[in-house]
Amino acid sequence: MAHASGALKHTLDYVKSRKAFGQELSRFQHIRFELAELATKIQVTQSFIDDLIPRHMQGEELTREVSMAKYWASDVEFEVCDRCLQLFGGYGYMSEYPISRYFLDARVQRIYGGTNEIMKELIARQLGI
Numbered sequence: 000m001a002h003a004s005g006a007l008k009h010t011l012d013y014v015k016s017r018k019a020f021g022q023e024l025s026r027f028q029h030i031r032f033e034l035a036e037l038a039t040k041i042q043v044t045q046s047f048i049d050d051l052i053p054r055h056m057q058g059e060e061l062t063r064e065v066s067m068a069k070y071w072a073s074d075v076e077f078e079v080c081d082r083c084l085q086l087f088g089g090y091g092y093m094s095e096y097p098i099s100r101y102f103l104d105a106r107v108q109r110i111y112g113g114t115n116e117i118m119k120e121l122i123a124r125q126l127g128i
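Residue numbering for the sequence shown follows numbering that gives the first Met the number 0, beginning at 0 and increasing consecutively.
It is worth saying that the hints were derived from the structure and are not from the lab.
Please note that the accuracy of each hint is not assured.
Mimicking SDA-like on lysine to any residue, the simulated pairs with C-alpha atoms at most 20 Å apart in a straight line are [claimed, not checked]:
1. 15 with 25
2. 18 with 32
3. 8 with 34
4. 18 with 88
5. 8 with 82
6. 15 with 81
7. 15 with 31
8. 8 with 20
9. 8 with 88
10. 18 with 85
11. 8 with 60
12. 119 with 70
13. 8 with 33
14. 8 with 29
15. 18 with 2
16. 8 with 106
17. 18 with 30
18. 8 with 78
19. 18 with 89
20. 119 with 29
21. 18 with 106
22. 119 with 77
23. 8 with 46
24. 8 with 51
25. 119 with 44
26. 8 with 96
27. 119 with 51
Produce the entire structure from the sequences given, and follow the hints as far as they go.
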C-alpha cells in the first residue's frame, strides 16, 4: 500500500499547486471527494493487511485471507494510481511526470506473486467451491 500512498501523496501535492479556472484543483469538491475516497480505500486495505501480520506470525492458517489481501490490495493500488493519473489530465500520460510511472508499476502488481485470477481461485477453493 506504500505505492498507492505515494501516488496519492504525489497527487495531493499536485492538486494543491495546479490551478484551473482561477483556483487550485484542490478547491473543487469533486476532486476532494475523489481523493478522500482513495485515502479511505488505502487505509481500509492497510488495516486488513496489518491485521494479518500478527496472525501469520503466530502460525495461523491464512491461505484464504492472504489471497484476499493480495488480490484486493493490488486492485486498490491500481485503482488509486489510475484515478490519480486522471487528475493530472494529459500530464499523467507523459513519462516526465512520476504519476505515469506509478500507474505502470501498479498494473503489474496484479500479475506478480500469482495473478489476481489465481488468488480468486484459491479463495473459492477455500470456500469449498
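Now for the hints, and whether the structure bears them out:
no.: 1; hint: 15 with 25; in the structure: holds, 5 Å
no.: 2; hint: 18 with 32; in the structure: holds, 18 Å
no.: 3; hint: 8 with 34; in the structure: holds, 10 Å
no.: 4; hint: 18 with 88; in the structure: holds, 12 Å
no.: 5; hint: 8 with 82; in the structure: holds, 13 Å
no.: 6; hint: 15 with 81; in the structure: holds, 19 Å
no.: 7; hint: 15 with 31; in the structure: holds, 11 Å
no.: 8; hint: 8 with 20; in the structure: violated, 23 Å
no.: 9; hint: 8 with 88; in the structure: holds, 17 Å
no.: 10; hint: 18 with 85; in the structure: holds, 15 Å
no.: 11; hint: 8 with 60; in the structure: violated, 35 Å
no.: 12; hint: 119 with 70; in the structure: holds, 7 Å
no.: 13; hint: 8 with 33; in the structure: holds, 13 Å
no.: 14; hint: 8 with 29; in the structure: holds, 17 Å
no.: 15; hint: 18 with 2; in the structure: violated, 26 Å
no.: 16; hint: 8 with 106; in the structure: holds, 19 Å
no.: 17; hint: 18 with 30; in the structure: holds, 13 Å
no.: 18; hint: 8 with 78; in the structure: holds, 15 Å
no.: 19; hint: 18 with 89; in the structure: holds, 14 Å
no.: 20; hint: 119 with 29; in the structure: violated, 33 Å
no.: 21; hint: 18 with 106; in the structure: violated, 29 Å
no.: 22; hint: 119 with 77; in the structure: holds, 17 Å
no.: 23; hint: 8 with 46; in the structure: holds, 18 Å
no.: 24; hint: 8 with 51; in the structure: violated, 25 Å
no.: 25; hint: 119 with 44; in the structure: holds, 17 Å
no.: 26; hint: 8 with 96; in the structure: holds, 14 Å
no.: 27; hint: 119 with 51; in the structure: holds, 18 Å
The structure shown violates the earlier hints numbered 8, 11, 15, 20, 21 and 24.
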